[in-house]
Amino acid sequence: MAAGAFLRRCHRTLVDIPRLTPQLTSHPHHHYPRFLTTTTATPASTALTDFSQPLPEVAPRTRLTPLSPSYYTGSPEYYDNLLALQDLLRSHQALPTIHGDDAPGVQWKTLEEYRLIIGDQVKPSRYNKIVRILDRLNRIDPAIMPAETKAALALYARPENPELRRRAERTVDNFGRAYAIGRRKTAVARVFLVEGEGEVLVNGLPIVKKFSRMHDRESVLWPLIVSGRVDKYNVFAVVKGGGKTGQAEACTLAIARALRIHEPALKHVLREAGCVTVDHRQVERKKPGHVKARKMPAWVKR
Amino acid sequence: MVPRIPWRCLRTPPQVITHPLKPRPHLHNFTTTPPLAAKPLKAKGPPPGSKMNVEKQRSQSNKIRIKKKPITVQKPAYQIGQRKELRKRIVLSNTNAIPVVLPTMTADLIGNADAAGAMFELPSEEGGDTIVDRLRALEAFQTKQHWPFFHRPCTLFRRETVEVGRLLERVMKREGTEDGRVNERAILHGYYGCGRSILLLQAMTWALQKDWVVVAIPNAQDLVIGHTEYELEGNSHLWLQRAYTTDLLRKILKANQKALKRMNLSQNYRLGRMEEVKKGVAMKEVLEKAVQDPLLAWDAFNILLSELGQPGSPPALFTLDNLNQISLPSKYRDPSFNLIHSHDLALPNTFLAYLSGKRSFHRGVTLAATSSKCSRTLALDAALEGREVDPYERLDPRVGPSIEGARIIHVDSLSKAEAKALMDYYNESGIMKDTVDITTFNEKYAVSAGNPKDLFGTCLRMRQ
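Going down the list, the sequences are from chains A and B. Numbering-wise, our numbering puts 102 at position 102 of the first sequence, and it's gapless, one number per residue. Position in the second sequence (first residue = 1) + 1000 = our numbering.
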């Protein structure tokens, strides 16, 4: 296993460090080593042998001194881990990165698995911080990714399950049509996108008749406008449910998805334009005892 | 005097007694700055450059109402009709806009298909009343048609303009029946903002240049919303709108001076109860007399129409905008408080008689334009589509026959060439800041879907 500074530090912080300086440690139980992965097995007995380290000869300590600077944080294991990762990130900050969409797909360990590593209760929000750093490290250009980082990331990655990763590849059909669905509010849009001269039919009507508001028309065509493909494709959309705005924005999503089937390289452009992310918000239901979803009736004295 | 320093060394610093609510005196416990080099304390309040209004903020924060300054000069109240005048004012030129050199929309372009897809300016070179003034008198220009953005009024020559031109052309060439009677009837129909009223304007421009008699009802809504006085005429059982008719005659008189001066009556007519106009009198004189007296107006209007039906009379163009409005019950009530059907009002009735071919000019074109700013007129929609009406659909039975036989000109979206011409014109006039390249054109054409009204909007709007 490649032993870089990070691993050494992880080893120190997570594997074999007693919480306090050894000569005055009086805890009866010992810290058994925690391994980040099952493969990196270090003998558990090292923890005991470390007690016989020679002490620095500066001055004799008169009180217990924690070894970890995170001792007083409440969950020192977590913070040591976080700080180690931050150090690693800082040292590789300047390396060139690639777009997140192109980064190798990795599934990080679940929160439960991470808790087992740390051996302590970790809040989801704290684990999110770790994941964010890992994602950032994962975006370093794979061609020049340092071995140290690779090894560090491997500690947190889940083993890949090919069954789960298999996803149907969407392609253009025999007639050159790309088909996609988009949803927004309660509207559902089904779109067929073919190469053409820029004609748009929504529910069999010209777009000017279906969406008389210009803003809605702009919404519908937004993926094509931002990618400069307005006159390159014909759109045939069938949209139902919802109102005008919902229908228009459902079309946006569907057209963007269909466009990505034709030209997968447009993903970044479309994401920047906000055409990839699904807006899953729905109207909140009305509750009994409320006037609306949240509104309560006014207080009346009697 | 005893120096203070030794005392200060010996004693504990005195407790500064301060009021608990008042701010404490500013004490610096430690500083490395020598006292003389220290900056003076900042005055409280905003820095001199900020736009914060201290007085205003103080008054707001303390919730103290400060009396406003008494208004010394009161804004004068609007005169009667002043606001309407402001609302209806037509501005046709803008000296700030960049002038664009364009060919004039002359009468020899009538029905010329080659000119389609180009911009033309409305003719102005003429002694005295220009065509633009006469069109203005006919209220052919409307507000919200974006005239005030440009140096001169210009229009786009479209495919539909060619079709309208063909109507005029057929009348001019007398491609009709043997006796020389030619009548063309058409309805301009399309989506909102597709340019139907502008097509009427273009037809009027040509008709005025050719010295036709142009009779234009600029907005049929004025006839049916109950804003003008009305009375029942016994013989025809129609409701006359004398005030409106007088107004209409005034417009006709102003716009068609030349043609009316040349028109002489072919027979004697009664004018009002007492008067009579003799054969040979110029039509202009009749109308001038009628304009003075609303009681004569309806008769004078009828004299004009019947004269236009006589052989030897000049060709006529009869237009009406917002046809939908007269396909609904009007807001007028009869003595038993029933709603009066719009077709029972004399002016709409007359127009529809010409549109459906019951009455006809000797040579003439009757043009109507539908409107999108109207409540639903299912009967008219069915008639315009020409579809079979379900007997269980309770549609107005009078609407269908009223437009029977009229040609329906579908005003479509702009083609790409037309949109390009229009966009170039906007660009040259300085309205559109983007350059017209293939990308912007495609984008704006797609968003507007070729609708001229929306195309203007997209060109004017900055991309956010």
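There may be inaccurate statements among the hints.
[Said to hold, decoys possible] With a straight-line Cα cutoff of 20 Å, these simulated DMTMM-like cross-link-like pairs (lysine to aspartate or glutamate) come out:
1) A:K240 - A:E263
2) B:K1453 - B:E1121
3) A:K209 - B:D1381
4) A:K123 - A:E113
5) A:K129 - A:D87
6) B:K1144 - B:E1163
7) B:K1358 - B:E1404
8) A:K295 - A:E284
9) A:K232 - A:D279
10) B:K1284 - B:D1222
11) B:K1416 - A:E284
12) A:K209 - B:D1434
13) B:K1453 - A:E284
14) B:K1144 - B:D1222
15) B:K1261 - B:D1381
16) B:K1261 - B:E1288
17) B:K1067 - B:E1085
18) B:K1420 - A:E284
19) B:K1416 - A:E199
20) B:K1331 - B:D1412
21) A:K185 - A:D231
22) A:K209 - B:D1412
23) B:K1420 - A:E197
24) B:K1420 - A:D279
25) A:K150 - A:E195
26) B:K1420 - B:D1211
27) B:K1258 - B:E1276
28) B:K1144 - B:D1133
29) A:K244 - A:E218
30) B:K1210 - B:E1229
31) A:K232 - B:D1437
32) B:K1416 - A:E218
33) B:K1416 - A:D87
34) A:K240 - A:E195
35) B:K1453 - A:E218
36) B:K1420 - B:E1404
37) A:K267 - A:D102
38) B:K1358 - B:D1247
39) B:K1416 - A:E195
Treat the hints as calculated values from the structure; they're not laboratory data.
Against the structure, the hints come out as follows:
no. : hint              : in the structure
1   : A:K240 - A:E263   : 26 Å, violated
2   : B:K1453 - B:E1121 : 18 Å, holds
3   : A:K209 - B:D1381  : 15 Å, holds
4   : A:K123 - A:E113   : 13 Å, holds
5   : A:K129 - A:D87    : 14 Å, holds
6   : B:K1144 - B:E1163 : 25 Å, violated
7   : B:K1358 - B:E1404 : 10 Å, holds
8   : A:K295 - A:E284   : 12 Å, holds
9   : A:K232 - A:D279   : 27 Å, violated
10  : B:K1284 - B:D1222 : 26 Å, violated
11  : B:K1416 - A:E284  : 45 Å, violated
12  : A:K209 - B:D1434  : 27 Å, violated
13  : B:K1453 - A:E284  : 38 Å, violated
14  : B:K1144 - B:D1222 : 18 Å, holds
15  : B:K1261 - B:D1381 : 41 Å, violated
16  : B:K1261 - B:E1288 : 11 Å, holds
17  : B:K1067 - B:E1085 : 36 Å, violated
18  : B:K1420 - A:E284  : 46 Å, violated
19  : B:K1416 - A:E199  : 12 Å, holds
20  : B:K1331 - B:D1412 : 32 Å, violated
21  : A:K185 - A:D231   : 29 Å, violated
22  : A:K209 - B:D1412  : 11 Å, holds
23  : B:K1420 - A:E197  : 16 Å, holds
24  : B:K1420 - A:D279  : 36 Å, violated
25  : A:K150 - A:E195   : 43 Å, violated
26  : B:K1420 - B:D1211 : 33 Å, violated
27  : B:K1258 - B:E1276 : 24 Å, violated
28  : B:K1144 - B:D1133 : 18 Å, holds
29  : A:K244 - A:E218   : 13 Å, holds
30  : B:K1210 - B:E1229 : 35 Å, violated
31  : A:K232 - B:D1437  : 16 Å, holds
32  : B:K1416 - A:E218  : 18 Å, holds
33  : B:K1416 - A:D87   : 59 Å, violated
34  : A:K240 - A:E195   : 24 Å, violated
35  : B:K1453 - A:E218  : 15 Å, holds
36  : B:K1420 - B:E1404 : 37 Å, violated
37  : A:K267 - A:D102   : 10 Å, holds
38  : B:K1358 - B:D1247 : 25 Å, violated
39  : B:K1416 - A:E195  : 19 Å, holds
Comparing the model with each numbered hint stated earlier shows that hints 1, 6, 9, 10, 11, 12, 13, 15, 17, 18, 20, 21, 24, 25, 26, 27, 30, 33, 34, 36 and 38 do not hold.
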